[in-house]
Amino acid sequence: GGKDRRSGLILTIPLCLEQTSMDELSVTLDYLLSIPSEKCKARGFTVIVDGRKSQWNVVKTVVLMLQNVVPAEVSLVCVVKPDEFWDKKVTHFCFWKEKDRLGFEVILVSANKLTRYIEPCQLTEDFGGTLTYDHMDWLNKRLVFEKFTKESTSLLDELALINNGSDKGTQQERERSIDLNFLPSVDPETVLQTGHELLSELQQRRFNGSDGGVSWSPMDDELLAQPQVMKLLDSLREQYTRYQEVCRQRSKRTQLEEIQQKVMQVVNWLEGPGSEQLRTQWGIGDSIRASQALQQKHEEIESQHSEWFAVYVELNQQIAALLNAGDEEDLVELKALQQQLSDVCYRQASQLEFRQNLLQAALEFHSVAQDLSQQLDGLLGMLCVDVAPADGASIQQTLKLLEEKLKSVDLGLQGLREKGQSLLDQISNQASWAYGKDVTIENKENVDHIQGVMEDMQLRKQRCEDMVDVRRLKMLQMVQLFKCEEDAAQAVEWLSELLDALLKTHIRLGDDAQETKVLLEKHRKFVDVAQSTYDYGRQLLQATVVLCQSLRCTSRSSGDTLPRLNRVWKQFTVTSEERVHRLETAVAFHLNAEKILQECPDQPEDFNEMEQFDEIEAVGKSLLDRLTVPVVYPDGSEQYFGSPSDMASAAEHIREKMKLVSLKKQQLRQPEATTPES
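With my numbering, the residue at position 587 of the sequence shown is 587, and numbering never jumps.
Treat each hint with caution, since some may be false.
In the DSS-like style, the derived pairs of lysine-lysine whose C-alpha atoms are separated by at most 25 Å in a straight line are [to be verified]:
hint : residue 1 : residue 2
1    : Lys400    : Lys474
2    : Lys570    : Lys595
3    : Lys483    : Lys400
If you are wondering where the hints come from, they were derived from the structure by calculation, not from laboratory data.
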């Protein structure tokens, strides 16, 4: 690291007591002489051969070897001799004879006199100088430099090969070149870091001072070629930058290829096994259980598809990220992949949704069909049970329930038609995603099944309607039968009430002929009402008989209603006749009595004798007697008109009028008695 007075480099060769290998020494010298630049070599070398610990013949051999190794570059050879031991004449004479042949001057000098030829500051402490030198430090730094140089040179070659391969013409050649030489043998980052650390060490050591002065570093730029390190670092950075771009491009290409591969996997599965699964699932089932089983199978298919849809979502995000990167050369390909993937996934998702909606519609159709079938079964069961109501109200309630069930069946059938038509419309659209598969036969089976279910329900509903019509007619007849029986019983009650009113309230016979005639007219009207009531009851009972014959049943009440009606009517008739007879007798009595009492003849001969008086008295007595006699019915029972007091009051009026007639008769007889006396 030191320099002589001519600025030539100083080369120190320390010799030791052990046997020195000339071959190793020659190799070492060759290596050391390869370090300086040509400019440094041109200034020559001063060689210090430290022979203080070696034999003369070894020193001589080394000096002679310098002729072969560095003959032109060596200007001076200083052999540091030991203080004693060597023969001065021999050594001096020997080198003197060889001076012209060697081509350089050789001097023998003691270590303490070496400063005569070389400045002390350029000598190490071993030779009495002040030059700071650490051979192990120099060796370690040199090894670092050699390693960096070797690795960086090799790395530059590899990176150049990789980078130049990426610039080839065709894409196929570029990819093949990159694949073959893609990974460098050493890490570029590590080599760059080593170079930077080495350069930093060189730059720092060059300006390290000792005692305030500048110290000459053994790692001078002329020895370690600091510019070479910088040049290597610049080249490495350039190639590494290109290499990173190549890696980025290849990473992007690899990512694009992976995406393309995954896209094709998704597309191939969806258009292959996925579509085949859907093509094999065309049925809708013939019941709720069958439709539910198909739905479960479809859920399994959807579960398999969901895994691929998850891959689609991930791929779509990756493609979107690459599109946002904005590489023009990949935009078209990425958009094409994205469009292809989206088209296939959306089409398959639409098919899955269509299939799910179809199965849901089929399930709803079968549910409505089952509910309607149960309603029809319930209605039919109700119709098959014979009607045995207790009264008309229960019949009305049953009829209302029947109408409600029939209305519910109508609504159910209407809902079934709507569900069926909706399902048929969906089935008609099934061919749009069949991928060329002829689904006409499969759809025909589904259509036939749906139409068959609706037709069967329609027929069952029609049969139930017919049976409901018959049952309705029968129940209405039964309502009418009960109504007739109730009205007939009511007619009997009314007739009984008329009879009771006739006996209890129709008592008065009138105070005169006019009043009696009015009572007789009222009685006839009263009898007409009773006759209408009786006729109405008879008609109701006749209708009851006809209805019973139509219903093929025996009335529970008409059997005793008719005898009751006839018995009450006979009692009423007998009573009415008795009432008429009494009123007619009373009219005759009042007319005759009033005629006699109102006429005042001067002579009794103007009267039809006295027979009229006798007749009036006879009629009056007969009427009084009749008032005391009860009405005797055909069954032998008896019944009186009114209470005894009522009868006594009616009889009192008759007696008073009979008294007036009797008084009138006596008045007429008195003149007859006085005339003969006179």
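Against the structure, the hints come out as follows:
Between the alpha carbons of Lys400 and Lys474 the distance comes to roughly 14 Å, so the proposed pair stays at or under 25 Å and holds. The suggested pairing of Lys570 with Lys595 is violated, with an alpha-carbon distance near 37 Å, which exceeds 25 Å. Taken as a hint, the Lys483 and Lys400 pair is honoured in the structure, with Cα atoms around 17 Å apart against an allowance of 25 Å.
Hint compliance for this structure: hint 2 is the single one not met.
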